[in-house]
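Residue numbers (the working numbering), protein chains in the order written: chain A, 218 to 607; chain B, -7 to 285.
The hints are simulated quantities; they were obtained by calculation from the structure and are not laboratory data. Computed from a prediction, not measured in an experiment: that's the story for all the values here. There's no promise every hint is true.
Simulated coverage check for chain B against chain A, where a stretch passes if three residues somewhere in it have a Cβ under 8 Å from a Cβ of chain A [claimed, not checked]:
1. -6 to 0
2. 4 to 13
3. 31 to 42
4. 112 to 121
5. 206 to 212
6. 260 to 270
Here are the simulated lysine to aspartate or glutamate pairs, DMTMM-like style, with alpha carbons at most 25 Å apart [unchecked claim]:
7. A:Lys513 x B:Asp184
8. A:Lys383 x B:Glu105
9. A:Lys586 x B:Glu105
10. A:Lys412 x B:Asp115
11. A:Lys516 x B:Asp114
12. A:Lys415 x B:Asp114
13. A:Lys437 x B:Asp133
14. A:Lys513 x B:Asp133
15. A:Lys383 x B:Glu106
16. A:Lys463 x B:Asp(-6)
17. A:Lys463 x B:Asp133
18. A:Lys565 x A:Glu599
19. A:Lys415 x B:Asp115
20. A:Lys437 x B:Asp(-6)
21. A:Lys463 x B:Glu105
22. A:Lys291 x B:Asp133
23. A:Lys300 x B:Asp114
24. A:Lys586 x B:Asp115
25. A:Lys437 x A:Asp480
26. A:Lys334 x A:Glu587
27. A:Lys464 x B:Asp123
28. A:Lys586 x B:Asp114
29. A:Lys334 x A:Asp543
30. A:Lys291 x B:Asp115
31. A:Lys464 x B:Asp(-6)
32. A:Lys291 x B:Glu105
33. A:Lys391 x B:Asp115
Note that beta-carbon positions come from the ideal geometry of N, C-alpha and C, so glycine has one too.
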Amino acid sequence: MFTFNTYRFTLIAAAAALAIPASYAQAPAKLKVGFMLPATGTFAALGTAIENGFRLYLNEQGGKLGGREVEFFKVDDESDPSKAIDNVNKLIKRDNVDVLIGSVHSGVAMAMARVAKSSGTLMINPNGGADAITGSMCAVNIFRSSFSNWQPGFAIGQAMAAKGHKTAATITWKYAAGDEMAKGFKEGFEKAGGKVTKELNLPFPNVEFQALLTEIASAKPDAVFSFFAGGGAVKFVKDYDSAGLKKGIPLFGTGFLTDGTLDAQGSSAQGVLTSLHYADGLNTPRDNAFRLAYAKTFKMQPDVYAVQGYDAAQMLGVGLAAVKGDAKNTEGFAAALVKATIDSPRGKFTISKAHNPIQNMYLREVSGKENKVVGIASKSLEDPATGCNL
Amino acid sequence: MDITTFLIQCLNAVQYGLLLFLVASGLTLIFGIMGVINLAHGSFYMIGAYMAFALTPIVSSVFGGGFFAVLLVGVVLSVLLGYVLEWAFYSYLYNREHLQQVLMTYGLILVFEELRSLLVGDDVHGVQVPDILAGTLQLGDMMTYPVYRLFVSAVCLALAVGMYLVFTRTRLGMMIRAGASNREMVQSLGIDIQFLYRVVFAAGVAIAALAGMVAAPVSSVYPGMGSQVLIICFVVVVIGGIGSIKGAFVAALMIGVVDTFGKVFLPQASGVLVYLLMAGILLWKPDGLFKAG
């Protein structure tokens, strides 16, 4: 009896000892990717585009990043900063994700970054442009595949000055993104010799622009810089036209003024100049291939958000390959990404020390239903990353 | 600020104020007559705006176009909608507590938003200004004022005067006012108060929807527009005195002026000026400017 039990025990133990490492060696655990994106509300379409872009790259890699198969976890962030901490904790603590992807709204992205920084979880932000995420709040484990609010603002400021405009009025919503883009614009415009003569703003998301348009007409600047998005952008561009300002004072803006809104803006948007890190009609082999693959897979045209999602997956793949799939090795991940060049549909870009893309800012002109690229507003523009000590 | 700019800003202020009045008047009407706090009122404004967007191609293919035909069809549809909603939901709310009214009408907001999302999606849409109203008035060398905004003001003003006349000069108005003060007494005089309420409610819905339709070409059409307008409308109703149409008129114009000139002279504080105005007036007159009844 005794001998038999010992024998059996030894046998089982030996089998287990052989079996367990063997099973580990065969298939490493799946990479847990946590999407924290808006699935409902005004930004839902943006969240979908980001996820589509991410999945497109993953499919192109045969479903693996850094040698690991991918498993998705999702929460709807509802574009609500007050729920952001809870939502991100669900992904980190409950689902134990290896990497966080999110979000669209700058406020949500800020809250996510704060939690990601303290938990050390790898995070790639595929949209939210708040300067602080790759500025004063930057961290070794936090990256951005999109832009900082300062970048498109600064670039369009330079482009406006290059067009020979000497004075400008700015008009935005009074909140973080509006303030940061207007600040970037002012810096770019005044560095190039222009002068901002009037700074107008109204509370977010108020859309009664008429009083401010009257002020612009009365101040008569050479040109106007504006940042609005979504419904507010549609209304602003139409109001600007119907107030009769468009003929006399050219309208400039960051790309969000005319991205995804051209159908509703109609003829009022024609000729508006904006800057962004993506545009229609780039017509590079890389972009054409991407657009074709995206359209085939999802039966819709990609936009800047899809590109940002695609590049988030690319950055994740590059970083993970360097650390052999070990997402806990954020130092190694970061070191590899800062040296890497990302072959994006928007054009190749590198990652700054603060983990923000160093990228071309295109100058785009609205023509028909497209934001056609007409030049480069600022080449390989790097965010100053004020306050970042990486 | 030169005199032309000042005059145009005054026009802006009045136009914004009148539009606010149009939306808020339905809200205060429904509260004043039936005692129902209708949170879904902003949704009626949104429904109006979406109707202007969705009906334009349909109406133009049937009647051969015309913004005014769209307005007419939209008003008829919204009267029907109001009538059905009163019959199906609001008639059960008259003698309930305000908390219950708020809960149910909040539920209606969610239903309307979801229906909108299903039927027309979450995109932002624009509505063309009709050709005959598309021009601008030249005032000074760079200063212009869109004709369509004058039209909006004219429609709002006409409705305000119309409402005033109906309430003070007609038999219907008299019955409505009497019904608001004493429902049982009016009923015992042989007047069908149920029908009367239904008419008032349908009118309230139609006015909000009309405001949405008229505003659509200048405000564009987007998800959540109803909730935005609802908040400022509550401010109008509270400042004016709950249930008072006259109060709503005065309060809406005050808000138009404060908001417009606030944006120009104190842009950093323009978001709170309207609420400061409300706080100031409530300190001075806790029931609002014109207490109803």
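Right, here's what the structure says about each hint:
{"no.": "1", "hint": "-6 to 0", "in the structure": "holds (count 4)"}
{"no.": "2", "hint": "4 to 13", "in the structure": "holds (count 4)"}
{"no.": "3", "hint": "31 to 42", "in the structure": "violated (count 0)"}
{"no.": "4", "hint": "112 to 121", "in the structure": "holds (count 7)"}
{"no.": "5", "hint": "206 to 212", "in the structure": "holds (count 3)"}
{"no.": "6", "hint": "260 to 270", "in the structure": "holds (count 3)"}
{"no.": "7", "hint": "A:Lys513 x B:Asp184", "in the structure": "violated (63 Å)"}
{"no.": "8", "hint": "A:Lys383 x B:Glu105", "in the structure": "violated (46 Å)"}
{"no.": "9", "hint": "A:Lys586 x B:Glu105", "in the structure": "violated (28 Å)"}
{"no.": "10", "hint": "A:Lys412 x B:Asp115", "in the structure": "violated (37 Å)"}
{"no.": "11", "hint": "A:Lys516 x B:Asp114", "in the structure": "holds (18 Å)"}
{"no.": "12", "hint": "A:Lys415 x B:Asp114", "in the structure": "violated (34 Å)"}
{"no.": "13", "hint": "A:Lys437 x B:Asp133", "in the structure": "holds (10 Å)"}
{"no.": "14", "hint": "A:Lys513 x B:Asp133", "in the structure": "violated (53 Å)"}
{"no.": "15", "hint": "A:Lys383 x B:Glu106", "in the structure": "violated (48 Å)"}
{"no.": "16", "hint": "A:Lys463 x B:Asp(-6)", "in the structure": "holds (22 Å)"}
{"no.": "17", "hint": "A:Lys463 x B:Asp133", "in the structure": "holds (14 Å)"}
{"no.": "18", "hint": "A:Lys565 x A:Glu599", "in the structure": "holds (14 Å)"}
{"no.": "19", "hint": "A:Lys415 x B:Asp115", "in the structure": "violated (32 Å)"}
{"no.": "20", "hint": "A:Lys437 x B:Asp(-6)", "in the structure": "holds (13 Å)"}
{"no.": "21", "hint": "A:Lys463 x B:Glu105", "in the structure": "violated (34 Å)"}
{"no.": "22", "hint": "A:Lys291 x B:Asp133", "in the structure": "violated (56 Å)"}
{"no.": "23", "hint": "A:Lys300 x B:Asp114", "in the structure": "holds (22 Å)"}
{"no.": "24", "hint": "A:Lys586 x B:Asp115", "in the structure": "holds (16 Å)"}
{"no.": "25", "hint": "A:Lys437 x A:Asp480", "in the structure": "violated (29 Å)"}
{"no.": "26", "hint": "A:Lys334 x A:Glu587", "in the structure": "violated (39 Å)"}
{"no.": "27", "hint": "A:Lys464 x B:Asp123", "in the structure": "holds (19 Å)"}
{"no.": "28", "hint": "A:Lys586 x B:Asp114", "in the structure": "holds (19 Å)"}
{"no.": "29", "hint": "A:Lys334 x A:Asp543", "in the structure": "holds (18 Å)"}
{"no.": "30", "hint": "A:Lys291 x B:Asp115", "in the structure": "holds (23 Å)"}
{"no.": "31", "hint": "A:Lys464 x B:Asp(-6)", "in the structure": "holds (22 Å)"}
{"no.": "32", "hint": "A:Lys291 x B:Glu105", "in the structure": "holds (24 Å)"}
{"no.": "33", "hint": "A:Lys391 x B:Asp115", "in the structure": "holds (24 Å)"}
In summary, the structure is inconsistent with hints 3, 7, 8, 9, 10, 12, 14, 15, 19, 21, 22, 25 and 26 from the numbered list given earlier, while agreeing with the others.
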